[in-house]
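J.: Letter by letter, the chains look like this.
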Amino acid sequence: MKNVTFGIVLTLLLLGCTEQSDWVKAQSAIIYCSESDPVTFNPQLDTGATTSDATAHQIYSRLLDFDPETGQIVPALASSWSISNDGLVYIFQLRKDVNFHMTRYFTPSRTFNADDVIFSFNRWRDPAHPYHRVSGGQYPYFDSLGLADNIEDIKRINGYRIEIHLKQRDSSFIAHLATDFSVILSAEYGDHLLSQNKPEKIDRFPIGTGPFKFVSYQRGQAIRYRAHAGYWGQTQTADTLIFDITQKSSLRMAKLITGECDAIAFPSQSELSVIRERADLTLTQQPALNIGFWAFNTQKPPFDNPDVRRALAYAIDKNTLLETVYLGNATRAKTLVPSASWAFHESSHDTAYNPVLSRQLLDRAKIPRGFTMTIWAMPVERSYNPNARKMAELLQQYLADVGINAQIITYDWNTFREKLGKGEHQSVLIGWSADNGDPDNFYRPLLSCDAIPSGTNRAMWCNEEYDRLIYSALQTDDVEARQAIYEDVNELLYENLPLIPIAHALRYQVYRNELKGLRINPYGGVRFAGVIKAQ
Amino acid sequence: MMISFFRYGTLFVLTLFSLVSLSFLLAHLFPGDLLTNLSGVAPKDEKERQLLATLWAVDQSVFFRFFRYCSLIFSGEWGVSISSGLPLYDEIRRTLPATIELSFYSAVVAVVIGVPIGCLAGLKSYTKLDYTINAVAIVNYSLPVFWLGLAFILVFSLQLNWLPLSGRISLLFDIPTVTGFILIDILLSNSLNKGEAIANAIAHLAMPVLAVSLISGAALVRLLRRSVIDILDKPYIASARSRGLSSSRIFFDHVLRNALLPILPLLAIQITTLMTNAIIVETLFSWPGIGDWLLQAIYQGDYTAIRMGMLVVAALIVSLTIFVDILNRLVDPRKRMPTNATT
Chain B
1 MKNVTFGIVL
11 TLLLLGCTEQ
21 SDWVKAQSAI
31 IYCSESDPVT
41 FNPQLDTGAT
51 TSDATAHQIY
61 SRLLDFDPET
71 GQIVPALASS
81 WSISNDGLVY
91 IFQLRKDVNF
101 HMTRYFTPSR
111 TFNADDVIFS
121 FNRWRDPAHP
131 YHRVSGGQYP
141 YFDSLGLADN
151 IEDIKRINGY
161 RIEIHLKQRD
171 SSFIAHLATD
181 FSVILSAEYG
191 DHLLSQNKPE
201 KIDRFPIGTG
211 PFKFVSYQRG
221 QAIRYRAHAG
231 YWGQTQTADT
241 LIFDITQKSS
251 LRMAKLITGE
261 CDAIAFPSQS
271 ELSVIRERAD
281 LTLTQQPALN
291 IGFWAFNTQK
301 PPFDNPDVRR
311 ALAYAIDKNT
321 LLETVYLGNA
331 TRAKTLVPSA
341 SWAFHESSHD
351 TAYNPVLSRQ
361 LLDRAKIPRG
371 FTMTIWAMPV
381 ERSYNPNARK
391 MAELLQQYLA
401 DVGINAQIIT
411 YDWNTFREKL
421 GKGEHQSVLI
431 GWSADNGDPD
441 NFYRPLLSCD
451 AIPSGTNRAM
461 WCNEEYDRLI
471 YSALQTDDVE
481 ARQAIYEDVN
491 ELLYENLPLI
501 PIAHALRYQV
511 YRNELKGLRI
521 NPYGGVRFAG
531 VIKAQ
Chain S
1 MMISFFRYGT
11 LFVLTLFSLV
21 SLSFLLAHLF
31 PGDLLTNLSG
41 VAPKDEKERQ
51 LLATLWAVDQ
61 SVFFRFFRYC
71 SLIFSGEWGV
81 SISSGLPLYD
91 EIRRTLPATI
101 ELSFYSAVVA
111 VVIGVPIGCL
121 AGLKSYTKLD
131 YTINAVAIVN
141 YSLPVFWLGL
151 AFILVFSLQL
161 NWLPLSGRIS
171 LLFDIPTVTG
181 FILIDILLSN
191 SLNKGEAIAN
201 AIAHLAMPVL
211 AVSLISGAAL
221 VRLLRRSVID
231 ILDKPYIASA
241 RSRGLSSSRI
251 FFDHVLRNAL
261 LPILPLLAIQ
271 ITTLMTNAII
281 VETLFSWPGI
291 GDWLLQAIYQ
301 GDYTAIRMGM
311 LVVAALIVSL
321 TIFVDILNRL
331 VDPRKRMPTN
341 ATT
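For the record, the sequence lines run as chains B and S. Counting from 1, one number per residue, gives the positions in the first sequence under full-length UniProt numbering. Counting from 1, one number per residue, gives the positions in the second sequence under full-length UniProt numbering.
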């Protein structure tokens, strides 16, 4: 009997030995307290920030990337690229010896090549692709831009070279390929899952070429990643990454203070002062790619008169709005694009607070004292406008100073947007967050004629000259030429003022001082490649 | 003795039956589709609906449906959560051990703190020490557990930074779940740094356990003090003294045992309070137990989760109460039924 017991114990011990490395306390681990569960582990399927944070820059790589400092498009899995003179053919030379993740559920037999790019793009592009319908068949980012319709063909020239043919010229095309959503999946893994008849696993047990490989996910609890030993990019990275899913903002903050998290997602505005006071925490900020503005319905008199709009622009003090509504956590907006964009010009014109001039302009436009107008204030909180109601009340006072009686109107969010789409408003406080670093993502959806029916042109403004300029900016790939065009566009906007730009809200990143190398990525999700924790 | 066991058995079965009936009734009373309320699934198409309807006997008579409901519950087929879509059996299997673990350690600590201090207060009755103990115990007992937990967090986590404030163990340790009891799982796992993991788990346990056990311990102190004072007045203590027994012998042989017996039934009530407190404390410390889980379910209007969670927690508390009652009978000879005389 004793021998049997001994045997069992010995077997258990031996079994134990074989799995000994299964869990050992992580040596250099980074814990990031995220705010919610990702919808999926494939950012092609969801545009939410939570999904991007958890997947885009951890698990996957893209053909191209945005440089977080300059906003320039830089090579990633594509080592170089060229564009034909007519702007319709893009050729990408692919990086060699890029390893896919080796995990307990998949062992790749080959490195990254052209087949993976074609597989990944055709998944969202081609309805006949075996994976197109998997996990719902909706690819919101690509669908909203109609990107699939503009791609004529994707050709494999050789194992490391592909050619993309467009139907129409689109100089923002390469910017789309650098967004969080244009990730590269493994074609070999796709085939492997198809042969097992479990294609839906591709979005739940992801395989990519990013700096971290997926280990496990417990809903509402944590996501675990381990460093990808064969990562093609920077090598110095923590060996374990853990997303601690903590929904309450105050609890994330508390965990950051106690050191249970190394960095947190979305600190709330009211906590920023606490963070600034603490010596062990670092707060970095950067203007984000967003804008909060006051748009006039330019199809309704008297707002069809640029002088009236200009008069109203002189009536308000933007700096006070920045302090009271954004609590100082925003920069003053001159034009549509923030300083993080390459289309930003330091010298762009801006309107200044001048109530006397404002009244003069109003008199000239024959707007009597006691004129009544409406300001629609959006009912929800957005980073580009954390409190539209409060801003509307401030505007009300400024307008009263120049003899205009303003009424504030608000509905629930869906009704609000529906009525805005119909153009029932006279003026509205709203804003925009861009999805990629290309300035076209501001200019075209916000003020082009085409954007009136699709419901993002809140000023209902249609100007032929404006449309001609912004479309001509898409016809060239020369950044300097485009910069010059957008400078003209900004001047045109300053003359016409279909909307008054108010603020670009700042984006924050908060982490403990031990963390080195964490930078704000204004062009999408958080990046942990190259981040290490000092001992 | 057998008869009293039988009685408790019947009581247990009847209570459980009424709990199951109540939960069955709830599924009919919650707003929305009955099939969704029972199974937790909103069927996508007619085929799926048909399949589920057959399983949960929705189209059958109420009695048959109830019978099916009972048999499904006893076979572990509890449906899925409306909000997360995960099987409720697995979810409760994951969260319940965490609650039991927290309650168990709290009970142990409460006894370890409560019994000696209570005895001391009783032995030194009506002295300054007794008054002090009594005052502290009353203050402690009157503190709401959520306030005590928050105070601990403020002092020990945010100010002093001694103890972690949420979860069961640092996420740096990836402990495979076997039993669901964290300390046992650590011992079962094959890690190189078990000691470190256990220390970390205990640091996570410290505040929630202390918050719950201080309140239950205070109750215990007061009960035991009263009981000891009563026993010391008994003639057999005077007789023991007159026989010249040492005071330690008198205490351990005569006082302690006799003082504990009358408070045992009161402990049964305390266990319910302790479990409830543990469930409240879970939400404060993000302890992944059934209380935290149920609260999320309530926020999200997850009716299947609320119904099954309620059923399981109620069944657990009923079982515990009955268990303590039976224990009480086994330990206290006076309470054994005079079964010999009646049969």
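Any given hint could turn out to be false.
Selected chain S positions facing chain B (Cβ under 10 Å, derived; list incomplete) [said to hold, decoys possible]:
hint, residue
1, D45
2, Q60
3, V112
4, V115
5, L158
6, Q296
Everything labelled a hint here was simulated from the structure, so no lab data went into it. Even for Gly, the Cβ is constructed at its ideal location relative to N, Cα and C.
J.: Hint by hint, say whether it matches the structure.
T.: Right, here's what the structure says about each hint:
1. D45: The hint is violated - D45 (chain S) has no Cβ within 10 Å of chain B, the shortest such distance being about 16 Å.
2. Q60: It is violated, given that the least Cβ distance between Q60 (chain S) and chain B is near 34 Å, above 10 Å.
3. V112: Because about 27 Å separates V112 (chain S) from the closest Cβ in chain B, which is outside the 10 Å limit, the hint is violated.
4. V115: violated (33 Å)
5. L158: holds (6 Å)
6. Q296: Holds - the Cβ of Q296 (chain S) comes within 10 Å of chain B, reaching about 8 Å at its closest.
Comparing the model with each earlier hint shows violations of hints 1, 2, 3, 4; every other hint is respected.
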